[in-house]
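Each protein sequence line maps, in turn, to chains A and B. Our numbering puts the first residue of the first sequence at 1, with every later residue one more than the last. Our numbering puts the first residue of the second sequence at 339, with every later residue one more than the last.
I should point out that these hints are in silico values taken from the structure, not numbers from a laboratory. For clarity, every value in this text was computed on a predicted model and none was experimentally measured. Ideal Cβ placement from N, Cα and C applies to all residues, glycine included. Wrong hints could be hidden among the right ones.
Said to hold, decoys possible - Which chain A residues face chain B? A few, computed with CB under 7 Å, are given here:
| no. | residue |
| --- | --- |
| 1 | Leu158 |
| 2 | Asn162 |
| 3 | Gly308 |
| 4 | Gly310 |
| 5 | Lys311 |
| 6 | Leu321 |
Claimed, not checked - For lysine-lysine, the following DSSO-like pairs were computed, each having C-alpha atoms within a straight-line distance of at most 27 Å:
| no. | chain 1 | residue 1 | chain 2 | residue 2 |
| --- | --- | --- | --- | --- |
| 7 | B | Lys471 | B | Lys374 |
| 8 | A | Lys139 | B | Lys630 |
| 9 | B | Lys536 | B | Lys434 |
| 10 | B | Lys471 | B | Lys630 |
| 11 | B | Lys536 | A | Lys219 |
| 12 | B | Lys536 | B | Lys515 |
| 13 | A | Lys38 | A | Lys219 |
| 14 | A | Lys37 | A | Lys219 |
| 15 | B | Lys374 | A | Lys139 |
Here is what each chain is made of, one letter per residue.
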Amino acid sequence: MKDKQTCLQTAVDKKAKKVNNPFVELIDRFYVLFDNKKVRYSVLAAALAVLLYLPMRTSMYFMEVMTNVWFHVVVCLGLNIIVGFAGLLSLGYAAFFAVGAYTTGILILHYGVSFWLTLPVSVLMAIIAGLAIGGPTLKLRSDYLAIVTLGFGEITRLAARNLDITGRATGLVGIERPTLFGMAMVKINHFYYAFLVLAVLAIFISYRLQDSRLGRAWKCIREDEDAAEAMGINVVAARLLAFIIGSVFGALAGSFMAIKMTAISPESFLFTQSVMILLAVVLGGMGKIPGVVLGALAVVVFPEVFRGIGKYRMLIFGAVLLVLMIYRPQGLWPERHT
Amino acid sequence: MSLQEIVIQQLFNGLLLGSFYGLVALGYSMVYGIIKLLNFAHADIYMVGGFCSLTILTFFGNTFIGNRWLGIVISMLITMIIVGLLGVIIERVAYKPLRNAPRLSLLITALGVSMILYNSVMVITSGEYRAYKTGLGYEGFSIGSVFVTHTQAILIVAAVALMFVLHLFITRTMYGKAMRAISMDLDCCRLMGVNVNKIIALTFFVGSMLAASAGMMAGVYYGSLHFFMGFVIGIKAFTSAVIGGIGVIPGAMLGGLLLGLLESFGTQIPFIGSEWKDVFSFSILILILIFKPTGLLGKKESERM
Numbered sequence: 001m002k003d004k005q006t007c008l009q010t011a012v013d014k015k016a017k018k019v020n021n022p023f024v025e026l027i028d029r030f031y032v033l034f035d036n037k038k039v040r041y042s043v044l045a046a047a048l049a050v051l052l053y054l055p056m057r058t059s060m061y062f063m064e065v066m067t068n069v070w071f072h073v074v075v076c077l078g079l080n081i082i083v084g085f086a087g088l089l090s091l092g093y094a095a096f097f098a099v100g101a102y103t104t105g106i107l108i109l110h111y112g113v114s115f116w117l118t119l120p121v122s123v124l125m126a127i128i129a130g131l132a133i134g135g136p137t138l139k140l141r142s143d144y145l146a147i148v149t150l151g152f153g154e155i156t157r158l159a160a161r162n163l164d165i166t167g168r169a170t171g172l173v174g175i176e177r178p179t180l181f182g183m184a185m186v187k188i189n190h191f192y193y194a195f196l197v198l199a200v201l202a203i204f205i206s207y208r209l210q211d212s213r214l215g216r217a218w219k220c221i222r223e224d225e226d227a228a229e230a231m232g233i234n235v236v237a238a239r240l241l242a243f244i245i246g247s248v249f250g251a252l253a254g255s256f257m258a259i260k261m262t263a264i265s266p267e268s269f270l271f272t273q274s275v276m277i278l279l280a281v282v283l284g285g286m287g288k289i290p291g292v293v294l295g296a297l298a299v300v301v302f303p304e305v306f307r308g309i310g311k312y313r314m315l316i317f318g319a320v321l322l323v324l325m326i327y328r329p330q331g332l333w334p335e336r337h338t
Numbered sequence: 339m340s341l342q343e344i345v346i347q348q349l350f351n352g353l354l355l356g357s358f359y360g361l362v363a364l365g366y367s368m369v370y371g372i373i374k375l376l377n378f379a380h381a382d383i384y385m386v387g388g389f390c391s392l393t394i395l396t397f398f399g400n401t402f403i404g405n406r407w408l409g410i411v412i413s414m415l416i417t418m419i420i421v422g423l424l425g426v427i428i429e430r431v432a433y434k435p436l437r438n439a440p441r442l443s444l445l446i447t448a449l450g451v452s453m454i455l456y457n458s459v460m461v462i463t464s465g466e467y468r469a470y471k472t473g474l475g476y477e478g479f480s481i482g483s484v485f486v487t488h489t490q491a492i493l494i495v496a497a498v499a500l501m502f503v504l505h506l507f508i509t510r511t512m513y514g515k516a517m518r519a520i521s522m523d524l525d526c527c528r529l530m531g532v533n534v535n536k537i538i539a540l541t542f543f544v545g546s547m548l549a550a551s552a553g554m555m556a557g558v559y560y561g562s563l564h565f566f567m568g569f570v571i572g573i574k575a576f577t578s579a580v581i582g583g584i585g586v587i588p589g590a591m592l593g594g595l596l597l598g599l600l601e602s603f604g605t606q607i608p609f610i611g612s613e614w615k616d617v618f619s620f621s622i623l624i625l626i627l628i629f630k631p632t633g634l635l636g637k638k639e640s641e642r643m
C-alpha cells in the first residue's frame, strides 16, 4: 500500500513539474515576494490610498462596478471560509445572503426598523441558518454535503418565491435607505465606501481567523480528518463554526445589498449566483486570501470588460473552471505549503 | 373527482414521473458506484438528450418510412448512441486526468462540465423553450374516469423495459460483472487484469444513454424542452438514487418510482400544493441523507472522505 502511494506521489510530482512553465514560475516568484511583510504592507497601504481616493475622480459606472467588486470580495471570503479553510463544498451560498437581504428588507419594509438595528438580527438569522444547514449535514460525505447545500439553497429561494412575507415572485420593493450620522446614504459613493469598509473588515477577519487556533484546526481537518480527530480537534464543532462564520459574512453582505438595490427578488439568489462565487474562490485559489480577492475582482470585472461576450459568459466560466481544475487545481494564487 | 379516481390518477402520474427519475438516477448511481463521483453533468446530459432527439426527429420529419412510432424509435436509438459517446468524451477529457485528485477538485470539474453543457445549449437555443411536436395524437383509453393516452402508457412501458435490459446487462454479462467488481475495489480489479479505463468509459456510455432516453421521453411527454430542464430533475434523480441506496442499481429504479409517487401524492396534501412540490422533494432528500444516508437497499459503509 505504501509503495503504491509513493509511486503515485512521484507520478503527481512529475506531472506538476511538467506543467510549470516560465510564466507560471514568474507569477509564483511574485507571490513569494508578496509574502514578505514589509512589501505586503506597503503595497496594501498604497492600494488602500488609491481606493479611498478613487470616488473623487471616476465615473458613476466605474463606482458601480467597484462596489460590486467589494460586495463579491465579502461573499467570496465568506465562502472561502467554508470551502477554502474547512474544505466543505457548499453549492447554496446564495441562500446565506438571501437570508441577510430578506431579513433586512422585511424588517425595514414591514416593521419600520432602522437599518442599523436590522444588522444584528441579520447576523442572528445567519447563525440560525448556518446551524440549520450545517448541524445535521456535517457528518456526511463531502459530495452529499454539496448536494444538500444545493437543495437548501433552492428551498430558500422557492420559499422566498412562495411566501407572502417575502413578497412572492416580485420580492420586496422600496426598501428605505438609512442615514449615517445624519447623512442620508443615497449616492453610489456612499455605498462604495460602505462596501469597501466591509471588504477590508472581511479581509482582516479572514487573516485573523486563518492564523488562529480555529484556522489551524480547519486546515488540519481539511488535510486529514482522522488525524485531526486523533489530535483532539472537535471536528464537528470546527466545521459548524466554519459554516456559521461563512454565513454571517454572506448575510451582512446581503443586508447591505438590500439597501443598495432597494429591491430584492428571489431571482437575485439563483443557483448560478452560488456557482459564480464558488468560481471566484476556486479561480483565486481555495484558502488563500489574496487569491480569493483576485478571483472576486476577476469574476466581476471580466464580464464588464468583455461586454460583447454577454451570453457566452457562463460558458467561458465553465470552461475556465474545467481547465483550472485539470491544469492548475491550486488556483491562480495558491496557498503555499511550507 | 372521487377519492378513488384521484388515487388512480396520481398513481399513474407518479409512475410516469418516477420512471423518468429512475432512468436518470441509474446514471448517477452507476457512476457514483464506480468512481465515487457525483456527476453534476449528468442532469445536463439528460437535457442534451432531449434536444438531440428533437433535432434528429425534425430531420426525419417526424416519421420513418411513413410511420410515426418507428420515427421515434429510430431517433431515440440514434440519440442514445450520440449522447452515450458524448458521455464517454466528457469522461475522457474532464474526469480521467483527475482520477487520483482530491474529491473536491473532481466535484468542481463536474460542475464546470455541467455549466459548459447547459450554457452551450442556451446559446444555441437563445434560452427559449422549444416545442416538441411528435404528432402522436391524443387517443387513449380510460381506467374508470381517468384518461390515459397511448403515448403515456407506452412511455412507462419503454422506461421499464430499458431498466430491465440494464438489469440483465449488469447481472448477466461479463461487462456488468466487471462494473460490479470495480465498484467494490478499483485497484484490485486493475491487478486482476480488468481494463478499468474501458469499463469506466462503458459505464459513462450506458449511463448517458439512459439519461438521453429519459430526456427524449420527457420531451415527448411534456411537449417542450428548455436548456435548464435538467437542473431540477437532476437533484430529484439524485434524490432517487440516494433513497434507493447510491451505487445500487435496483435501488435507483426503486428510488425513482418511490419519489415519483411521493411527489404526485404529495401535491394532493392541502398545505403543500404544486408550488411547494420541489421544496417537498428537496426536503425528502435532506431528511434521507440525514437519517438514512445508505438508502433503502444500500449497505452500511464506513468510508470517510
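Verification of the supplied hints:
Residue-level restraint check for A:Leu158 holds (minimum Cβ-Cβ distance to chain B is 5 Å; threshold 7 Å). The criterion of a C-beta within 7 Å of any C-beta in chain B is met by A:Asn162, whose closest approach is roughly 5 Å, and the hint holds. Given the 7 Å rule on beta carbons, the hint for A:Gly308 is violated: about 13 Å separates it from the nearest Cβ of chain B. Because the closest C-beta pair between A:Gly310 and chain B is about 10 Å apart, greater than 7 Å, the hint is violated.
This hint holds: A:Lys311 has a C-beta 6 Å from the nearest C-beta of chain B, less than the 7 Å allowed. A hinted interface residue such as A:Leu321 counts as satisfied when its beta carbon comes closer than 7 Å to some beta carbon of chain B; here the least separation is about 3 Å, so the hint holds. A distance of roughly 38 Å separates the Cα atoms of B:Lys471 and B:Lys374; the hinted pair therefore is violated under the 27 Å criterion. A hinted pair counts as satisfied when its Cα atoms are at most 27 Å apart, and A:Lys139 with B:Lys630 qualifies at roughly 12 Å.
Annotation: proposed proximity of B:Lys536 to B:Lys434 holds, straight-line Cα distance about 11 Å (limit 27 Å). Only pairs whose Cα atoms come within 27 Å are accepted, and B:Lys471 paired with B:Lys630 is rejected, the gap being roughly 42 Å. For the proposed pair B:Lys536 and A:Lys219, the alpha carbon gap of about 37 Å is over 27 Å, so the pair is violated. Among the hinted pairs, B:Lys536 with B:Lys515 is consistent with the structure: their alpha-carbon atoms are about 13 Å apart, no more than 27 Å.
The hinted pair formed by A:Lys38 and A:Lys219 meets the criterion: a straight-line CA distance of about 26 Å does not exceed 27 Å. Pair hint A:Lys37 plus A:Lys219 holds up; C-alpha atoms about 22 Å apart against a cutoff of 27 Å. Using a Cα cut-off of 27 Å, the hinted pair B:Lys374 and A:Lys139 holds, with the two alpha carbons roughly 17 Å apart.
Hint compliance for this structure: hints 3, 4, 7, 10 and 11 are broken, all remaining hints hold.
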